[in-house]
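When we follow the UniProt record's numbering, the leftmost residue of the sequence shown carries the number 1, and every step to the right adds one.
Source of the hints: derived by calculation from the structure; they are not laboratory data. Keep in mind that a hint or two might mislead.
Quick list of simulated restraints, FRET-style, between CB atoms [as the list claims (entries may be wrong)]:
#1 240 with 48: 29 to 39 Å
#2 71 with 261: 33 to 43 Å
#3 246 with 185: 52 to 62 Å
Taking lysine to aspartate or glutamate and the DMTMM-like style, the derived pairs with C-alpha atoms no more than 25 Å apart in a straight line are [unchecked claim]:
#4 234 with 280
#5 215 with 235
#6 187 with 161
#7 215 with 280
#8 234 with 264
#9 215 with 161
#10 234 with 137
#11 215 with 188
#12 234 with 166
#13 187 with 147
#14 187 with 163
#15 234 with 147
#16 187 with 209
#17 187 with 235
#18 234 with 276
#19 187 with 142
#20 215 with 163
#21 234 with 158
#22 234 with 262
#23 234 with 245
#24 234 with 248
#25 234 with 155
#26 187 with 248
#27 234 with 142
#28 215 with 262
#29 187 with 264
#30 187 with 166
#31 215 with 166
All C-beta atoms in this analysis are idealised placements derived from N, C-alpha and C, irrespective of residue type, glycine included.
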Amino acid sequence: MVVGGGGVSVIDMAGRYGEDVLAGDWRRRKVTPEVDAEPDLVVEDADSGFCGAVVGFESGAVVLEDRHGRRRNFPLLPAAFLLDGRPVTLRRPTRAPVPTARRRTASGSVAVDNVRAQVARASRIWVEGIHDAALVERIWGDDLRIESVVVEPLDGIDALDAEVRDFGPAPTRRLGVLVDHLVPGSKESRIVARVTSPYVLVTGHPYVDVWQAVKPAALGIAAWPVVPPGRPWKEGVCAALGVAEPADMWRHILSRVNTFADVETPLINAMERLIDFVTEAP
1 MVVGGGGVSV
11 IDMAGRYGED
21 VLAGDWRRRK
31 VTPEVDAEPD
41 LVVEDADSGF
51 CGAVVGFESG
61 AVVLEDRHGR
71 RRNFPLLPAA
81 FLLDGRPVTL
91 RRPTRAPVPT
101 ARRRTASGSV
111 AVDNVRAQVA
121 RASRIWVEGI
131 HDAALVERIW
141 GDDLRIESVV
151 VEPLDGIDAL
161 DAEVRDFGPA
171 PTRRLGVLVD
181 HLVPGSKESR
191 IVARVTSPYV
201 LVTGHPYVDV
211 WQAVKPAALG
221 IAAWPVVPPG
231 RPWKEGVCAA
241 LGVAEPADMW
251 RHILSRVNTF
261 ADVETPLINA
271 MERLIDFVTE
281 AP
């Protein structure tokens, strides 16, 4: 059949355009987005689960660095990475990346910018009180948010073993506990010895209170006052330093802590161990 006087046949039309462009399940086709691997972009390798920031390229592969400074190379394969939980294909930027100074968090790790809020892990870190929690937040808050780890303050550790049982630790529900004055022969060491779950790590520092884990130099004093046995330690410190109330002293202490350099090494080591433990893959 011919349409019009010198027209085009239906057969000609079919031959010209081939098969129906709407044929098939075209609505279900998904295209993996391509993303420029800009410096400091945080992605996860879909196969290994390694998560890190883009720091460069080597032999055609992208180099990722995690929060511990570990680096690994990954080929730029299609849909090989996850960005905010979604598959993406990384591509090398067409323009050469401009090196930028690496921003550091208060804990000394590489800062990761533009990270969306994530659902908290089932794993937790417990500390003895609100002062411990505030100090941990001041130094490790950025790291803990990146790792989706919640820190919860306890009201002392006298009932630690019972609270651990109530928590119900498991391979995907780990628990880390930071304890003050954890030294051989102390009351704290005897309490900790009752906690035996392999999914719980209890560690700590040797200082009487977390106040003492702050370096004296950060407060402008030569050393922490020696408090006679039998006297409450915080009240004794306040009296020796001429501060009226422990609450006033604590506000002063916290205001002078800016980075990990302001606290003693045993506290730093204890917290790093706890973060590694609760974020370890099952």
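Going through the hints against the structure:
no. : hint                     : verdict
1   : 240 with 48: 29 to 39 Å  : violated (54 Å)
2   : 71 with 261: 33 to 43 Å  : violated (25 Å)
3   : 246 with 185: 52 to 62 Å : violated (27 Å)
4   : 234 with 280             : violated (36 Å)
5   : 215 with 235             : holds (19 Å)
6   : 187 with 161             : holds (14 Å)
7   : 215 with 280             : violated (30 Å)
8   : 234 with 264             : holds (18 Å)
9   : 215 with 161             : violated (31 Å)
10  : 234 with 137             : holds (21 Å)
11  : 215 with 188             : holds (23 Å)
12  : 234 with 166             : violated (31 Å)
13  : 187 with 147             : violated (32 Å)
14  : 187 with 163             : holds (17 Å)
15  : 234 with 147             : violated (33 Å)
16  : 187 with 209             : holds (14 Å)
17  : 187 with 235             : holds (21 Å)
18  : 234 with 276             : violated (31 Å)
19  : 187 with 142             : violated (33 Å)
20  : 215 with 163             : violated (32 Å)
21  : 234 with 158             : holds (19 Å)
22  : 234 with 262             : holds (19 Å)
23  : 234 with 245             : holds (9 Å)
24  : 234 with 248             : holds (11 Å)
25  : 234 with 155             : holds (16 Å)
26  : 187 with 248             : violated (28 Å)
27  : 234 with 142             : violated (29 Å)
28  : 215 with 262             : holds (6 Å)
29  : 187 with 264             : holds (22 Å)
30  : 187 with 166             : holds (22 Å)
31  : 215 with 166             : violated (36 Å)
The earlier numbered hints that this structure contradicts are 1, 2, 3, 4, 7, 9, 12, 13, 15, 18, 19, 20, 26, 27, 31.
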